[in-house]
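Peer 1: Given next are the chains, with one letter for each unit.
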Amino acid sequence: MATVVALTPLAACGGSSGSGGGDTLTMWTFKQSHLAALRNAAVQFKKQTGITVKIDAYGPDDAYTTKVQAAAKTHDLPDVLEVHSDGEDLVLGGTGIAKDIAGDVGSDWSGLYQKGVQTSGTVTDEKYKESLPGDSKTHGVQKGQRFSVPFTAGTFGIVMGNKQKLAAAGITKPPANWAEFIADLKATKAKDPTGGGVALGLKVKATGLTWVLQPLAFADLGKDKYQALFGKDSSADFSSPDGLKVLGLYDQMQPYWMPGAQTQEIDGADQAFAQGKAAWDIGGTFTLAFLQQNGMKPDDVMAFGLPAPADGAVPQRALGPLALTGLTIASTSKHPDNAEKWMKFLAGQQVAAQFAKDATDVPATELGGDTASVMGATLADMLKTFNGTPDTTYDPSLNDFRPPTYDQDSMGDVLADLTPLGQKSVEQTGKAMAKLDNSFWATSK
Amino acid sequence: MTTAPRPAVAEATGAGRSTAPRPPGTGLLGRATRRTGRRRGYEALSGWLFVLPAVALFLVMGLYTVGYGFLLSFARWNGFAPHWDWVGVQNYKDLLWANPAYAPRVRHAATHTLYVMIAVPLLTVLVSFPLAVLLNSARRMQTLLRSVYFVPYVTSGIAVFFAWQYILQPDGAVNAALKTLGMGSLAQPQGWLGNPHTALPTMIVVTVWGAVPVAMLMYLTGLQTIDRSVLEAAELDGAGWWRANASVVWPLVRPITAIVVLLNLRDSLQGFQTFLVMTNGGPGDHTNVLGLEAYRLAFLKDLAPTLGLASALGWLLFAAALVLALINLRVLRSRT
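Just so you know, the sequences run in chain order P and C. For the first sequence, counting from 1, position 398 maps to 398 in UniProt numbering; every step adds exactly one. For the second sequence, counting from 1, position 12 maps to 12 in UniProt numbering; every step adds exactly one.
Warning: the hint list may mix true and false statements.
[Unchecked claim] Facing chain P, according to a computed beta carbon distance under 7 Å, are these residues of chain C, among others: (1) Ala81; (2) His83; (3) Ile167; (4) Gly172; (5) Ser185; (6) Ala187; (7) Gly191; (8) His197; (9) Pro201; (10) Asn280.
[Claimed, not checked] In silico DSS-like cross-links for lysine-lysine, where the CA-CA straight-line distance does not exceed 27 Å: (11) C:Lys179 / P:Lys431; (12) P:Lys232 / C:Lys93; (13) P:Lys129 / P:Lys163; (14) P:Lys191 / C:Lys179; (15) P:Lys225 / P:Lys297; (16) P:Lys67 / C:Lys301; (17) P:Lys163 / C:Lys179; (18) C:Lys93 / P:Lys431; (19) P:Lys129 / C:Lys301; (20) P:Lys384 / P:Lys173; (21) P:Lys435 / C:Lys179; (22) P:Lys127 / C:Lys301.
FYI, nobody ran anything at the bench for these hints, they're computed from the structure. The beta-carbon is built from N, C-alpha and C at its ideal position, and this holds for glycine as well.
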């Protein structure tokens with residue numbers, strides 16, 4: 001099996017055994033849950049090519065970013081970096097630290113990935129436009145450049161329930177809509193007042209905004225009105241009736257947060273859920289791996305996309321997949337060809353399938369066939385949330401409707417005052433969010 | 001060292017041998033002068049060699065980094081781009097009033113910082129001075145007690161702040177103790193750091209907990225230098241324990257109070273590690289302080305080019321600290 005796994009992608013590479021003989025690549029990742037799976041893949045890669053890949057993990061994300069920042073300054077970067085897709089990769093590209101691989105990634109390579117993420121890491125027209133202001137994070141990139149290939153895909157806004165706690169409250173199937181979800185929260189909280197709430201790492205300021213409010217607003221209002229919430233028009237922004245309506249829906253969660261959710265990091269919230277301190281956990285497709293690391297079996301988890309309001313504009317809203325992490329080559333790499341071989345090896349279907357099993361995460365590679373048998377039933381359930389049309393799919397990677405200097409953390413701070421902190425009413429929160437958004441527009445040059 | 005006349009010089013200065021003027025540097029006097037000059041040269045050289053490492057260290061680690069940071073405050077940079085974009089004083093203007101995305105956050109953080117700057121020095125003095133007085137009057141186990149009270153200082157660090165987090169959680173030790181003591185109504189269901197009304201006061205208490213040991217030790221040192229006769233004279237004049245401490249001891253340790261206040265003011269103004277570890281400015285931004293805001297601008301903005309803003313905020317904090325130090329010096333000078 002290992003031989004088959006190893007040989008398939010190599011054939012796709014068009015490489016041959018020993019082409020990089022004796023060379024050593026270094027790679028950094030910020031995902032502890034990816035480390036073992038990557039090292040397993042590296043063993044196979046070494047057998048085939050003779051190229052050793054040394055992989056190290058540094059976390060959490062902020063510490064990793066700081067390490068990359070420092071290493072870039074001291075010219076001490078590894079050959080390959082796992083980065084946040086369509087974010088860090090473009091920032092590194094804009095400053096010349098990431099290698100432009102647009103000319104090397106042909107359709108034979110990008111075709112290995114899921115359709116929705118095949119161009120991830122590329123400077124599209126939209127991304128180029130976003131990069132133009134001098135204070136843009138990605139300032140300096142050029143249209144058509146590519147600074148990463150996708151590695152893992154997935155989405156945010158995945159709700160996970162503890163099947164045992166849910167069954168105790170009489171819940172055996174995922175809620176069909178937002179109202180049912182709120183009713184389910186009420187049931188679990190009534191059954192277990194201290195351990196029946198929702199865990200969400202609200203200490204990380206934008207989680208409530210980006211993982212719950214935004215997909216909820218998209219479902220309730222539809223794409224155009226959702227995007228208008230972040231626009232300049234005061235008749236359609238967060239202080240408008242539309243804005244207040246979605247904030248009101250979000251505020252319905254107020255009684256059901258796990259005690260102290262606002263003081264929990266994302267990992268802390270997931271750990272609390274795994275320890276039975278909460279009946280529900282809101283995260284992403286990547287959360288299951290962490291839960292498993294913390295002793296929870298995937299089969300004990302009921303997973304589904306954040307439900308949409310039944311009377312909303314998009315009642316069957318899908319959550320669009322996006323490349324969550326990508327692989328970037330440092331421009332200082334002395335072995336860029338070998339680095340590309342390694343990246344392409346990881347994109348191979350069987351290598352990716354093995355990675356999915358080892359890491360309990362969704363690879364960006366199109367696995368084809370029966371994903372449930374490859375990744376397990378719970379992970380496959382999560383992937384059902386991807387199914388939708390362009391009109392009914394909430395795409396978290398779209399940002400061009402927001403001001404270029406938009407800061408989601410500041411927005412998250414304002415939203416936290418609505419719930420879970422209960423410091424502001426829906427109207428006050430709507431006004432404050434609209435005011436902050438307008439200030440971003442005012443300062444966008 | 002001797003005060004006896006030096007024969008060589010006396011001989012050299014003896015009159016009558018020659019009245020002709022000698023060129024400088026000739027003869028015994030000249031040789032002695034030359035020797036002295038050479039010795040002074042060696043001394044100066046060895047002196048310079050001794051201080052050279054410190055000077056080099058200061059030039060590299062101090063002057064260079066300070067200069068670098070100051071220049072950065074006039075630029076826009078994300079930490080690794082090859083070039084800085086010069087923006088003049090725009091960073092300062094943005095932070096103080098010009099940019100509605102930054103200025104309100106800075107003002108909000110400044111308000112929290114002001115609360116901390118008022119509460120922490122005040123509470124530290126209020127706790128540490130009586131504690132030092134009690135410890136000074138303890139007849140037994142003074143060393144043990146001093147060590148016990150000093151524990152918070154030597155154990156302060158990331159691990160302790162994490163421990164505080166657990167203690168302050170909804171199911172933490174503080175709430176459990178309150179419930180056990182029948183004061184469950186005072187317990188915080190969202191945790192002491194989860195309630196926006198208790199989060200900042202709780203952070204102030206944790207900061208004071210970490211500041212009291214050093215302050216107490218300083219007071220204890222001061223108390224032990226007070227002449228016993230002064231206190232005995234007060235006793236003879238009929239002053240009780242309370243009056244003696246309030247009217248005699250307290251004024252005598254006022255310089256120490258000034259130092260304690262200055263150190264804690266500075267720490268409250270610039271410190272942010274406790275806040276970063278325990279609250280990250282939350283819940284919401286109810287415990288955001290200026291030091292943390294500078295850190296956030298530097299490292300927590302997803303690689304946005306805001307290092308210049310962070311540096312500018314750092315220099316504003318430095319200016320505020322300088323003003324405080326000058327005020328403190330002035331107060332010290334007028335009272336001592």
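Peer 1: For each hint, tell me whether it holds in the structure or not.
Peer 2: Evaluated hints:
Below 7 Å, beta-carbon pairs count as interface contacts, and alanine 81 of chain C has one with chain P at about 4 Å; its hint therefore holds. The beta carbon of histidine 83 of chain C is not positioned within 7 Å of any beta carbon in chain P (closest approach about 9 Å), and the interface hint is therefore violated. Taking 7 Å as the C-beta contact cut-off toward chain P, the hint placing isoleucine 167 of chain C at the interface is violated, the least distance being around 12 Å. Against a cut-off of 7 Å between C-beta atoms, the interface hint on glycine 172 of chain C is violated, since the closest Cβ of chain P lies about 9 Å away.
Given the 7 Å rule on beta carbons, the hint for serine 185 of chain C is violated: about 16 Å separates it from the nearest Cβ of chain P. Proximity of alanine 187 of chain C to chain P is violated relative to the hint, the smallest CB-CB distance being about 11 Å (cut-off 7 Å). Given the 7 Å rule on beta carbons, the hint for glycine 191 of chain C holds: about 4 Å separates it from the nearest Cβ of chain P. A least Cβ separation of about 9 Å between histidine 197 of chain C and chain P goes past the 7 Å threshold, and the interface hint is therefore violated.
Given hint, proline 201 of chain C at the interface with chain P, is violated; its Cβ is 15 Å from that chain's nearest Cβ, farther than 7 Å. Checking asparagine 280 of chain C against chain P by beta carbon gives a least distance of about 6 Å; that is within 7 Å, so the hint holds. Of the supplied pair hints, the one linking lysine 179 of chain C and lysine 431 of chain P is violated, its CA atoms being roughly 39 Å apart against a limit of 27 Å. Distance hint between lysine 232 of chain P and lysine 93 of chain C is fulfilled; the C-alpha atoms sit about 24 Å from each other, no more than 27 Å.
At roughly 46 Å between alpha-carbon atoms, lysine 129 of chain P and lysine 163 of chain P are farther apart than 27 Å, so this suggested pair is violated. Under the criterion of a C-alpha separation no larger than 27 Å, the hint pairing lysine 191 of chain P with lysine 179 of chain C is consistent with the structure, at around 22 Å. Between the alpha carbons of lysine 225 of chain P and lysine 297 of chain P the distance comes to roughly 40 Å, so the proposed pair goes past 27 Å and is violated. As the CA atoms of lysine 67 of chain P and lysine 301 of chain C are separated by approximately 14 Å, the hinted pair is consistent with the 27 Å bound.
Restraint check for lysine 163 of chain P and lysine 179 of chain C: not satisfied, since their Cα atoms lie roughly 32 Å apart, outside the 27 Å limit. Restraint check: the Cα-Cα separation between lysine 93 of chain C and lysine 431 of chain P comes to about 26 Å, which is no more than 27 Å; the hinted pair holds. For the given pair, lysine 129 of chain P sits about 20 Å from lysine 301 of chain C by alpha-carbon distance, which is consistent with the 27 Å threshold. Proposed proximity of lysine 384 of chain P and lysine 173 of chain P is supported: the alpha carbons are some 15 Å apart, at most 27 Å.
Proposed proximity of lysine 435 of chain P and lysine 179 of chain C is contradicted: the alpha carbons are some 42 Å apart, above 27 Å. Taking the CA atoms of lysine 127 of chain P and lysine 301 of chain C, the gap is near 19 Å; set against the 27 Å cutoff, the hint holds.
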